[in-house]
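Asks: In case you want the letters, here they are:
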Amino acid sequence: MNRRDALSRVALILGGTIIGAEAFLSGCKNTSHPKSLADAFSLDNIAFLDEVGETILPTTASSPGAKDAKIGEFMKTIVTDCYEPKDQNTFVEGIGKLNDASKAKFSKDFMDLSAQQKHDLLVDLDKEAKDYNKKRKEGDPNHYFAMMKQLTVWGYFTSEPGATKALRYVPVPGRYEGCIPYKKGDKAWAL
Amino acid sequence: MAADTLHINSGGVAQNTYDAIVIGSGISGGWAAKELCEHGLKTLVLERGRDVKHIKDYPTATMSPWEFKHRGRMPYEFAKANPLITEAAGFGEETEHFFIKDADHPYVQEKPFEWIRGYQVGGKSLIWGRACPRWSPYEFINPAKYGYGIDWPIGYNDVAPWYSYVEGFAGISGNNDGLEAMPDGNYLPAFDFNCVEKEVKKRISAKYPDRHMIQGRWAHLSQPKDIHIKQGRGQCQVRDMCMRGCPFGGYFSSNSSTLPWAAKTGNLTVRPFSVVHSIIYDDKKGKATGVRIIDTNTKQQTDYFARIIFCNASALNSNLILLNSTSNRFPNGLGNDNGLLGKYVCFQNYRGAVGGRIEGFEDKYYYGRRPSESMMANFRNIKQHDMDFVGGYMAFIDINRNRGIRNSDEQIGAGFKEAMGEAGEWGAYMYMQGETIPKESNQVYLDKDKKDQWGIPLLTMNVGYDDNDVKMLHDFLTEGQAMLDAAGVKDIYTIDNNWAPGRDIHEMGGCRMGKDPKTSLLNGFNQLHQCKNVFVTDGACMTSTANQSPSILYMALTARAVDYVVKSGPL
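First to last, the sequence lines map onto chains A and B.
Going by our numbering, the first sequence opens with residue 843, and the numbers climb by one from there.
Going by our numbering, the second sequence opens with residue 644, and the numbers climb by one from there.
Simulated from the structure, these hints should not be mistaken for lab results.
Quick reminder that beta carbons are idealized off the backbone N, C-alpha and C, glycines included.
Label-pair restraints from in silico Cβ distances: (1) B:Asp-1134 / A:Tyr-974: 18 to 28 Å; (2) A:Gly-1016 / B:Asp-1031: 44 to 54 Å; (3) A:Gln-959 / B:Asn-1141: 47 to 57 Å; (4) B:Pro-726 / A:Met-953: 32 to 42 Å; (5) A:Gly-1016 / B:Asp-980: 51 to 61 Å; (6) B:Glu-720 / A:Lys-877: 16 to 26 Å; (7) A:Tyr-1011 / B:Asn-1141: 30 to 40 Å; (8) B:Asp-1128 / A:Arg-978: 24 to 34 Å; (9) B:Lys-685 / A:Gln-992: 50 to 60 Å; (10) A:Tyr-1011 / B:Asp-1134: 25 to 35 Å.
Next up, chain A with everything else stripped away, as it sits in the complex (with noise of 0.2 Å):
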C-alpha cells in the first residue's frame, strides 16, 4: 500500500468519503441547500461545482477549463480535508446562496443557466466578494465565492491539463538562463 492509498483509507475510516453513502444522501435529500459535508459534495453539488469552476476558468481554444481539472473533485478535497470547520461551514452555506442568487437574478437554478448567464452572475458575484472583502473586519466570515474563485484557480493551474496546458510546464529545466525574452500572451511557466 503506498502513501496515497494510505491516506485515502484513513478519509474512508474518517467518514470523509463515504461512496455509497454519498449517493444514497443525494438520492433522498435536495441537495441545493447543503446541511452537511456529504450533503455539499454530493454527485450533483460536484457537477454544479464543475460547473462554478468551469464558468470562472472555461476552455478555450488555447487550452481546456476547470471542468477537465476536475475542479469539483479537488475542491471537494480540500475543503474537506485541509479547511477548518468554519470555513467549511461557510462554503457548504455558499452552494445554496450561488443558487438563490442564480434564482433572484434569471428565475432559474444555477445549472439551468446559458453559459452568459452563469458568467454574468459570477460577475456579480465576484464584486460582491470583493465589496465584501474591502470592508471585511477580522473575525469575519471568509465569502463563500472567494474561496470558490481561489479553489478553482489555484486547483486548475496545479492541475496536469491546466499546468501541461494553460503553463508552461518543465520539471527538470536542467539549467538557468537568468535573462530571456517574454511577449505578452507567452505563458508563463508552472513551476
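Mind docking chain B on chain A? Use the hints.
Replies: What follows is chain B alone, placed relative to chain A:
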C-alpha cells in the same frame, strides 16, 4: 526475539566496540563519519531516526503538483495536531516525511521557542537552506572586542583551509567577489542573476557603494567536478525541489555525499533508531568510554564503546546529551565543571523582511528554477562599532516574476484564464539574518520530572530576544526600505514576523568553544576541556553566531577536529 535481544546485550564490550562513535548523522555528523572512516577508524554512527537511503527513500522527489492529494497543503487535522512543525520553513505535503511530528518529541518552553527537528539518517541536511557564505575574520574577533562575548579560541586563518577543504568536497556554487565581510572561497561557478537582479544590484551599488549584493553561495553542483562525480552526484537540474531529497545529488546532504563516501571505506556502521541516553564516563580511566543508547522501537538499552566520541546530535540535542551524561566526576553533565553547559544559547535574528514590486521589465523572463537567492553581505559594525546595536546582519534577496496578471479587466471567464496563465509582476523580497548576543540567561536545561517516551529528561528552553535584536531589526527595516527604494521598488512593505526564536533553525551554543576552561566547555579543537576524547562540532560549539549561515562552518570545524584527533595519536 528474546534470543536476539540477549545477543545484543551479551555481545559485550568486544562486539560493541569501535574506534570512534559519532552521535548524529546530520550535516556535521556526516562529515565526522567521512573523515574518521577515511582515516581508517572503524566508526559507528548513531542516529535516533529511521534510515533514509539516497534516492530510494525520496518518495516525492519527482512527483508533479497534481500527484499530491492536497497540492502541497497539509490537512487541517494535521496542522491542528502539529502547530510547531507545520510552520517550519520548507514543510509541506512534499517534505513532511523528513520532519518530526510534534507529539512524538516534546520539550518544555519556559519561553516560547520553536524547536524544528528532522529525525532520520541525514537529519536536517536533507531539508537545510543550503546557503554557505564564509565568516569574515571580524566575526571571530568582534564579540570580545566590543564586549558582547568571549574570545574565540580560533581565528579565520585557522578555519580558512578547512573551509576550502569542505567546500571542495561538498560543492558550493558562488562567485569570488573580493569582499572583506564575506571572504572568497573554493567555489563552483555561480548561478546567473536574472535581468532584474542585475539592475537592482547596479542601482543599490550606485547609491550605497559599500553594500554588496552578490550571487548566493549555495551548496549546489552548478558544474560538478571529478570529486563530485565520484560521489555519484550529478549537476543540479535547477528544479528547486531540494527539500524532497534530490535524486541527482545536486545539493549537498549527508545522504548523497558524506555517508555513502564513508561507507565505501568499509569502516562505517550506521545504527538508526538509536536515541542516545548519555555518553559513558569512566571515573577511573578519566575519560569517556562509550555511548548508551535506547533503541527507539524496542526501548532496549545498549552500550557502545569507543576511544573517540563525536557529539553531532544537533545544537540543542548535543546539550541535552551532555547534560544527561552524569557521573561521580561530572554530576552536572559531562565536562560541566563551570556550570555553563546549556548557557549562552543563541540563534539568528530572522524577524525582518521588506518587499515590493518592480515595474519596467515586462519583456524579460528567466528559464529554470534557481534554487538559491542573492545575498547582501553585512555592512554593519564590521571594523568599528558604530551602531546603537552590536553585531551585524546579512540579507537574502529574492527577485522573481509572479505567475498571473491578477488585476486584469476580466475577472471571470476566458480573458481571466488567459491573464492568469501569463507572467505577472516582478516582485522583490529581502529578509535579514542577524547576529544575536550569546547571553548566560539564554539557556536550556533538563526538566527535573518530565521525560520522553524513552525515559530521557525533556529539554527546557529559556531563550528569548534581546533589545539588541529589536534595534537591529529596526535598522534592517529602515535600510532595507531605503535600498529597495533606491532600486526602484514600488509599494514597499515591511514585516516584523516576531517569530519565537528557533524558527530560524539556526540555534547555536550552550557548549561553547573558548580559550579559558572557566568560561567555556570546548577548546580550540572542539574538544571538551575536561574530557579530551569527546568532541562537539555541531552548532552547540558556537561561541557566537555571526551574521552568516553557519552550516558550512560546522563542516569545516568537524573536518579540522578529526584531523587533530588523527594527528594527536591515542587519546
